[in-house]
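Asker: For reference, the chains in residue letters:
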Amino acid sequence: MHPDLSRYSCQVALPGFGEAAQRLLQHAKVLVVGAGGLGCPAAQYLAASGIGTLGIADFDTVSISNLHRQVLYNPADVGLLKAEVACQRLQQQNPGIKLVSHIAKITSDNVLQVIEGYDIIVDGTDNFETRYLLNDAAVLSGKPIVYGAIYQYEGQVAVWNIKNDDGKRSPNYRDLFPQVDATHVPNCSVGGVIPTLAGIIGCMQANEVIKYVTRTGEVLAGKILVFDAQTMQSRVINIGKTTKTSITQLQLSTDIPTITAAELQSGLANSTLHLVDIRTDQERDEYNIGGLHFELDEVEDNLDEFDFNKTYVFYCSSGKRSGEAVKLLQQKLPGVKAYSLGGGLGSLNRD
Amino acid sequence: MHPDLSRYSCQVALPGFGEAAQRLLQHAKVLVVGAGGLGCPAAQYLAASGIGTLGIADFDTVSISNLHRQVLYNPADVGLLKAEVACQRLQQQNPGIKLVSHIAKITSDNVLQVIEGYDIIVDGTDNFETRYLLNDAAVLSGKPIVYGAIYQYEGQVAVWNIKNDDGKRSPNYRDLFPQVDATHVPNCSVGGVIPTLAGIIGCMQANEVIKYVTRTGEVLAGKILVFDAQTMQSRVINIGKTTKTSITQLQLSTDIPTITAAELQSGLANSTLHLVDIRTDQERDEYNIGGLHFELDEVEDNLDEFDFNKTYVFYCSSGKRSGEAVKLLQQKLPGVKAYSLGGGLGSLNRD
Amino acid sequence: MEITVLAFGIAKDIFGGQLITVELGDSTATTADLKVSLEARYPKLKQLASYMVAVNNEYAEDGGVITELDEVAIIPPVSGG
Amino acid sequence: MEITVLAFGIAKDIFGGQLITVELGDSTATTADLKVSLEARYPKLKQLASYMVAVNNEYAEDGGVITELDEVAIIPPVSGG
Chain A
1 MHPDLSRYSC QVALPGFGEA AQRLLQHAKV LVVGAGGLGC PAAQYLAASG IGTLGIADFD
61 TVSISNLHRQ VLYNPADVGL LKAEVACQRL QQQNPGIKLV SHIAKITSDN VLQVIEGYDI
121 IVDGTDNFET RYLLNDAAVL SGKPIVYGAI YQYEGQVAVW NIKNDDGKRS PNYRDLFPQV
181 DATHVPNCSV GGVIPTLAGI IGCMQANEVI KYVTRTGEVL AGKILVFDAQ TMQSRVINIG
241 KTTKTSITQL QLSTDIPTIT AAELQSGLAN STLHLVDIRT DQERDEYNIG GLHFELDEVE
301 DNLDEFDFNK TYVFYCSSGK RSGEAVKLLQ QKLPGVKAYS LGGGLGSLNR D
Chain B
1 MHPDLSRYSC QVALPGFGEA AQRLLQHAKV LVVGAGGLGC PAAQYLAASG IGTLGIADFD
61 TVSISNLHRQ VLYNPADVGL LKAEVACQRL QQQNPGIKLV SHIAKITSDN VLQVIEGYDI
121 IVDGTDNFET RYLLNDAAVL SGKPIVYGAI YQYEGQVAVW NIKNDDGKRS PNYRDLFPQV
181 DATHVPNCSV GGVIPTLAGI IGCMQANEVI KYVTRTGEVL AGKILVFDAQ TMQSRVINIG
241 KTTKTSITQL QLSTDIPTIT AAELQSGLAN STLHLVDIRT DQERDEYNIG GLHFELDEVE
301 DNLDEFDFNK TYVFYCSSGK RSGEAVKLLQ QKLPGVKAYS LGGGLGSLNR D
Chain C
1 MEITVLAFGI AKDIFGGQLI TVELGDSTAT TADLKVSLEA RYPKLKQLAS YMVAVNNEYA
61 EDGGVITELD EVAIIPPVSG G
Chain D
1 MEITVLAFGI AKDIFGGQLI TVELGDSTAT TADLKVSLEA RYPKLKQLAS YMVAVNNEYA
61 EDGGVITELD EVAIIPPVSG G
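Protein chains in written order, with full-length UniProt numbering: chain A, 1 to 351; chain B, 1 to 351; chain C, 1 to 81; chain D, 1 to 81.
Hints listed in this document are in silico derivations from the structure and should not be mistaken for laboratory results. In this text the structure is predicted, and so the values were computed from the model without any measurement. Where is the CB? At the ideal position from N, CA and C, for every residue including glycine. Fair warning: there could be bad hints in the mix.
Which chain A residues stay away from chain C? Per the calculated CB distances, all over 12 Å, these [to be verified]: (1) A261; (2) A262; (3) H293; (4) N302; (5) N309.
No farther apart than 27 Å at their CA atoms in a straight line, the calculated lysine-lysine pairs in the DSS-like style are these [claimed, not checked]: (6) B/K327 x D/K44; (7) C/K46 x A/K244; (8) A/K163 x A/K29; (9) D/K35 x D/K12; (10) A/K327 x C/K44; (11) A/K241 x C/K35; (12) A/K327 x A/K337; (13) A/K327 x A/K310; (14) A/K332 x C/K46.
The calculated label-pair distances, taken between Cβ atoms and stated as ranges, are [claimed, not checked]: (15) B/D281 x C/G17: 52 to 62 Å; (16) B/P257 x A/V100: 46 to 56 Å; (17) B/E218 x A/Q282: 21 to 31 Å; (18) C/N57 x A/E305: 43 to 53 Å; (19) A/V100 x D/E23: 55 to 65 Å; (20) B/E218 x D/E61: 16 to 26 Å; (21) A/K168 x B/G96: 50 to 60 Å; (22) D/E58 x A/I289: 50 to 60 Å.
The shape of chain A in the complex, shown without the other chains (with noise of 0.2 Å):
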């Protein structure tokens, strides 16, 4: 056996794989785009199991409360770019591998050149609208995308746009889901995520990676499935094999304007900003450095709490929601000035 097949050999012994699907993996190119709680395992399996050229997109630095399931990163690493340290990470696990990482924020601006060049994206994203903008490019480039997603107890694992023998195309996250509003689907960092369901996920979106690349079993295409880590019971859904969904554009990024904690920290002392928590009555009630106080999912209904005269400072744990509680603002109060704080708390206690 060639010596460089040496690290494969378990999986070429495999049937319907072989050296031939081993090549396969060594000329693909697959971007991962989050490099999260499903970034994390996907990427690692990934590169273990040989694809030539592995991209790692995200913008965020490593933080404390992600450590619990994005098992690529120390606490050594608080604070370094995802990107950065998961790349140095699989660089070690697989010297014979290229690696690649991406430190912009994915926008519409950028997203059809960053994808460019990659043969499968694997959506590992932790937001609604990156998800649309990666689903949408996919589909405008007519790549796949590998979609993965979490909450709490329960995970969703999809392989969208893939090409019929008809040629037509696959169904897409838009035939699912045509929209969503964000403000009334919590995320992880309100709800909470079992680390285990990020790790068996993010490997499933990785082997569905390694099915299409090397052309073995069955891939997602055509079907979700939703699991459960409490009862461990999953189901296959099907949606059909076409796509009825036309995307013949992007829809532009939004631009949430944010500051950073030391500029709301002179804001505050000269009272030219004025605070609007969106987290939960649990959290404030754990944490609560003052002002106007709204969940996320009710700033809708307290529209008349504002005041066009002053200016605004959202603020949850992350930056997550309360980039959100701007978009909204944006879009129902138009001309009122808000700001997210970028990093959320985390940022305004690193100080």
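Given the coordinates of chain A, work out where chains B, C and D should sit on it, guided by the hints.
Answerer: For chains B, C and D alone, kept in the frame of chain A given last:
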């Protein structure tokens, strides 16, 4: 929130979890036996989630062909003890937990002592003898054991020996498979295994441990989950509420005589040792160092080929199948002189 | 007729449990009828903007007919990663 | 009666496929009858020493009755880790 808990805030936020569940994890003592394809991801997520004391038992060293699925190791670790490398990596990942390595091979002599002091065992072993030994020792010690096994594209997960409300115990491995002829079930080095399957099943095992320790969700007691990574279909099979087997003592471990690569080479040089290749025809076609050749499951039909005046050295790629062959020969032809090449062809090429 | 509906994700919180039953009047109800009935009872479901209805593990279009024998699941979008 | 049997693991290799059909004569066959019939046709199955028969996702004891409507799976032991 207590500073120690910030790492775990995204799981403490889960419904039915909370700080009390995190304290249960902190006080739990979990032993992972086998730091291979299943043990690596299981241990990674158990460490990440904050299991207070995590034991890693493995007597083996890292080999190059492990790296496609054993994601805790780098090529720079080849030849080092898996348990020690794993503990070192996991300690970096979570400095707040206690890691304990066990590098002695688990046998009937030491198994009860090794598992003593742990609350629950994760079975990530790669051979039937150790699986039965661990199962029986867990039953005799009244401890639950989280079983996982993989082959090619299929995996199994179950939780054995849970104490039911009536004080009786849930089924164990012997309820399902009272005994196995290991020479007729191929292992991963023959049939291969898809790396992502190891990740999925290992994470499922860690998931069952977390549910057991924190008393959330339903563990797979009295059930077995069978998962197919090619179709992504899984089924949970009910086995029954109570064990029907009676395990009263451990089966004594077989002592397999092994020789080193250096001993083999001098014995071949002076013609005192005779090789028996028990790899597949395909493996022999690729790399052939001579001697007799039977595939493992053909040995039994070729007993008359062995001469009581000669000394045989069985070999395969890793030493696993040749060990089974020597055990078989000891049973079927007591008195014949047979050794297994420890570490297999890998060790021969290293020297 | 009475339909048993299995909830996933945030729908479990909205319904206050994993299983609820919905009374749909006659025996020729469609997925659309079920959605109208659910959204009237649980306004927060409508606020999600979209969610999937699966009948017997098949994606159910609005016009599809539902009977008492069918297994109906409500699967909302999930954002975490 | 004809029983369709779904194979897992090494049983797929032994049967030469994931699905086989087994003719069991009368309509009151048991799990034990099925095993005798399978082991006669596939001697390698018996050599495993043990394997699990699941009927409709329940572990099937030797005396359990099998009908044509049942979903029967053969699940052999797996050693890898």
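Asker: Taking each numbered hint in turn, which are not upheld by the structure, reported in ascending numerical order?
Answerer: none
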